[in-house]
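Visitor: Listed below are the residues making up each chain.
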Amino acid sequence: MNLADNIQTKKLLQLSAENFERQQNELIESLKYASYIQQVLLPSDADFRRHFAEHFIYHQPRDIVSGDFYYISYTRESVAIAVADCTGHGVPGAFMSILGITFLNEIFHNFAGLSAGSMLNLLREYIMKALCQTGEDDEQKDGLDMALCIINKETGSLNFSGAFNPLYIVRDHELTELQGDKMPVGIAPEEEKSFTTQHFELMDHDLIYLFTDGFADQFGGPSGRKFKYQPFRDLITDISSLPIQQQKHRLLDTFNDWKGNLKQLDDVLIVGCRYKDK
Amino acid sequence: MKIRAFHIKNYRSIVNSGWCYLSHDNITALIGQNESGKTSVLESLRSFYEGNITEDVLRSDQSFPEITCIFEFEDEKFTDLIDIQYIPPALQHPLQKKHEIKLTRKWLDAKNSSVEIAEPEIIDYFNKIERENEEMDRLIMKSVHELSDEAKTIFREVEGADRSKENARAGLKKLYEQYENARRIANKMRKPDEKIAAQMELEKKQLNYQKAEAEFNHKLKLYEDKKSLLQFISEKLSICKTYAEIAGKLQEVERDLGLKNKQCSDLEHQHELCSNEKERKIISGRIQTLRSECGQLVKDLKDLQYQFAAKRKTAAGIFSGKDGRNAEDEAIQEIEEDNRYYKPEQMGNMLFKHIPLFEFFEDFGSLLPNKIDLEDLLNENSQSEGYKAARNFLGIAGLDAEFFRERNHRILKQKIENLNGEISIDFQDYWQQNVGKNNKIKINFELEHYDYTVPEKSGKPYLEFWIKDKQERLYPKQRSRGVRWFLSFYLELKATAKQNHVNRVMLIDEPGLSLHARAQEDVLKVFEDLKDTMQIIYCTHSPHLIDSSKLYRVMAVQRANDDENSETVILDPRSLHEASSDTLSPIYALMGTRLSEQSFISPKNNIVVEDVITYYYMTEMAKLLDFKSDIHFLPANGMQNIPLMVNLLLGWKLDFGVLIMENQTSQEIAAILRKTVFLDSEADTNRKVKIFSGFAMIEDFFTTLDFKRFVLQQRAGITERNSRYIEENELSRTILATNFSTILNDDHIALKDFDEETVKNFTRVFKTVEEIAG
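So the sequence lines, in the order shown, correspond to chains A and S. Numbering-wise (the working numbering), the first sequence opens with residue 1 and increments by one. Numbering-wise (the working numbering), the second sequence opens with residue 1001 and increments by one.
If you're looking for bench data, these hints aren't it; they were derived computationally from the structure. You can trust all of the hints, since none of them are fake.
Cut-off 25 Å, straight-line C-alpha distance, at most; resulting in silico cross-link-like pairs (BS3-like, lysine-lysine):
hint : chain 1 : residue 1 : chain 2 : residue 2
1    : A       : Lys193    : S       : Lys1623
2    : S       : Lys1097   : S       : Lys1077
3    : S       : Lys1204   : S       : Lys1173
4    : S       : Lys1128   : S       : Lys1106
5    : S       : Lys1204   : S       : Lys1165
6    : S       : Lys1322   : S       : Lys1142
7    : S       : Lys1211   : S       : Lys1174
8    : S       : Lys1760   : A       : Lys193
9    : S       : Lys1531   : S       : Lys1002
10   : A       : Lys193    : S       : Lys1752
11   : A       : Lys182    : S       : Lys1752
12   : S       : Lys1260   : S       : Lys1249
My request is simple: use the sequences and hints to build the entire structure.
Guide: In structure tokens form, the structure reads like this:
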């Protein structure tokens, strides 16, 4: 290869690198914009404050856009809170989250009086219809894991239904777990079954925690293992006596300490609310 | 083996039926309008078995039919049917695991067809070999051209090398002479300085000579190399050329054979049409000659195919670097090895021997005779009138020649009387109808002897048949067409079932056309009774020949669109709801018929519901919920007919209530009832007429999940009300209701399998029903 060829090759390489950098920047810009749109779709702090003066939302996406989302909506009698984890993270997860939020809104406002289980049943129908899931082998099996609770504002009666995800209620330093059903909101491997609805009577000052699996499944600590659920329950019980915003900071610090230099594996989302009797 | 499914292509109006799976319990009904193609389905299966087609079977594009059937093994295994050592080793393992096999019959022309095994592994395997052979052919042909060019070049090079070698040889000779000359001069020189000079000259010449000799040797070697290369290439070329020549001959023989076969079939056609005996003889002679020529050509073809395969493999061997002799030996060895294994057609033919016997019954034409000579019966004289029916009769009775050798007339009479009793009882089991009020018919036969009035047969035995009832003793021919048909059908099927050493598939076109509705149900009863001994596929228009609780047995046959020339579409039980309402009319009629069988109107507790569908869901759910109140649901055949029904009940002074769903007309109907029945009494109307709010149709009582699981039997996402989904997708509510009834009864569904909400909805409705009934 002569000198002229060398110079030509170098120029071409330089051009490719510039192109690549430009494309990457464009992509990051697009994702940032997508993240902004996603933020707009998520409920605001004020939406939560309207019903729960004391609350926190700890949301730490793994990528620019997230496959986890939270939801709050209300009618005259009740308020519904949900935390969900979509199949995948990043862009595919974000698309699913948009579908999930849209469908939840439609269901909650058009089918008044549904129990949490019936809402998840209906949400599953929406998802299956949207993704054309019919049980064929070669189709997409995407769906959501979700914890959904509906609280009667007058009576404090909570009904909960979960797709894999549970709900924790802490009263006087004691944690009660309402377990979710072992199936996703989306097509099941063999046959769809009804989501069950569990009831719980809330009392003044009870703390409600809804979350996805990102925190408990994070690898880290001295031996690089998962954080796991029992330590997570202990942590929640432990921080329940703290003021609500400090709880969020404790969670954040604990997560970052645990993760250390390891990569964040999944989106992390924990919502905590204190129920106040009227 | 048992037939499990069929796939028909290019048979009359059937272009491509797709896979049609038969009912697992051996009874399959084909329903559809006239000209829909039902009979074509049966006839195509007959053609599959017999290998015959007529010209009317061919479609306008003249494409030949192709029919594939899946046969399920019962007690046998693949290895019981075919000696595994003759299966190519690569296929042995997958085939040994098979529980079913696919066989395809393809027609090459109107008269010739072949059956091949159509298992994907086998097709792939032989296709792969075919592709490899094609690739080999292509490479060989390509190589022939390349080799020819190469041979020409090398030939020129050999010539060049030869010339160069000869030149070198001439030069060498010349140098040798110069050297010899120099040596002589050197020998002659005496003076030392001249001797030295001559010696130097000699050495120079010697050197020149040695150089030239080395060059000559080099050129000689070059020449020899080129020559052996030429020889090697010529050898290759010669094999390739032989291969190409055989390929050409093969094509020629194939063409000749095709031509001669065509001439033969043209002559056969001429022979059929020709009325002149002399000409017929001449044509017949020509056919004979052509057939023998064809026979010789087939033999030649086989030889050529063998040679062709051998040369192909030899050529391939040579191209992979083997020498000619070895390549040829190995090729022959490989072909011998390949020929040891069965080809798909051979496998097809061997398996075909084990498939069930297909029998087609268009009409049970062989009616029981009034009498038949015993001699004709025992000598199997099929020409004698009613032979087949009489033979069937004896078959069912288990009689043979030995029976009639009984010398003691009294014992023989007694035996016959006993048999008559047994057969009559068995027949009455199926033929439920009475002559008059309670008068069952009996079938009898008697052994008689001709008397002097028939001198030529005097003293010879004959069998006489009677169909008796309490009033009359009549010959079969004196009975109605319906009785005769049923008797013939009964004898045929029962006798066939008795020959249980071989599996059978009965193809029956329109059974019981001339029978009363009740007798048609008796036909179904015969099917039910025989289904363990044979598979039955039948066409029908009659609702009485369909069991509504077994709709999995029904296939709908219809045209793709309204045009009667459009292709036939076959819908299996899972897709019945896609069939047109005309096609499904026997099922719709059937549901009405079932209703008419119930004694469901009583003096009290009659609840009028909107339609038959509501009636079905309510009765099925009542059973599940163990709702035991003495309530009688009456379907009104549409909302608009509810006032009429109520008026009828009023007229008969029967107690009633009305339960309707909340839809566009429910308030209107309630208003009509209030005005016309309850004389504007709001309280009476509210007490007797209940509008169930929040539910447009009975199907809305199910949660979406239950609706999908037990009614729709699909898993697609549904976000609208069930009733809306039914309307938007134009589904047949009747079919869905029968699906529900079937799954409930066949899959043993219990109340616990339903969602709590579904149970709550139906419990509520039954409570309301109890309230209305008071």
